[in-house]
Each structure stands twice: as structure tokens, then as C-alpha cells.
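If you want my numbering, it's the 1-based position in the sequence shown plus 38.
All clues given are correct.
Straight-line distance between alpha carbons at most 27 Å, and here's what the computed BS3-like set of lysine-lysine pairs gives:
1) 96 / 122
2) 80 / 122
3) 72 / 96
4) 72 / 122
Think of the hints as simulated: they come from the structure by calculation, not from any bench.
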Amino acid sequence: MQDWKPPWLDHELVVRFCTFMTNALPHTVTEDIKFRGCRIPKGASVNPYIWATFHDPKHYSSPHTFMPDRYLKLVPGPDPDPRKYIFGFGWRVCPGLHVVNDITWAMCAGVLALFDVRAGDVLN
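Please construct the entire structure, taking both the sequences and the accompanying hints into account.
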């Protein structure tokens, strides 16, 4: 078992593809700003749309295709680290970010070690 190790367990998680929350925590605007010609007043609530960020072709090559290999960096491409945004950003980043990463890795490794995981039949 020592020589067998799925490579994606040591690389970025695939949380970008199936994020469980489409919006991040709301942020409050601290001063009047203009963004792309629109005025956003001080005190307004802004809800970042995480799903759109992770499926933007400007940042991710083939964003609607499930490809864990993209994070192995075998093929050069934009594909930034999804953990930069999935756990929040700015001063509201999740304080349990590293704990969640470690637990998810341990859970995935346990499932792969205990079960015979295979591709299913193609749906018609």
C-alpha cells in the first residue's frame, strides 16, 4: 500500500467543481465605491457568487469538465488554487481552513483504502 497513492490526494481538492455553497458570506461595503460604472453605497451588503468564480473560463480551463488532474500541473494553464476562495477571503476567511483540508484528505484516503471504488456504468 505504500507505493500506491492517488496523486490528487496530495494536491488541490476538487471542491471547486462541486462547491456546496454558491455564495460566500456577505460583506458590508465600508465606503461608497464605483464598480464597472455602478455605484455601491456605503453599508450595502455584497454577496460574492463563488460558483461563478469557479466556473469562469478566464480563470479555469474547461470549467464545466471534472478533471482532478488539472491540479497536478502536468499541463500548463491558469487553474488557480480553489482554496484561495472556497473558504472565504479577506478578513472573513474561515479560521478552520487547515483543519477542514486535513479532515477532507483523511476522509478521502479512508474511503479509498477501505472500499473498492470503480467507475459506474454509463447512464443512458
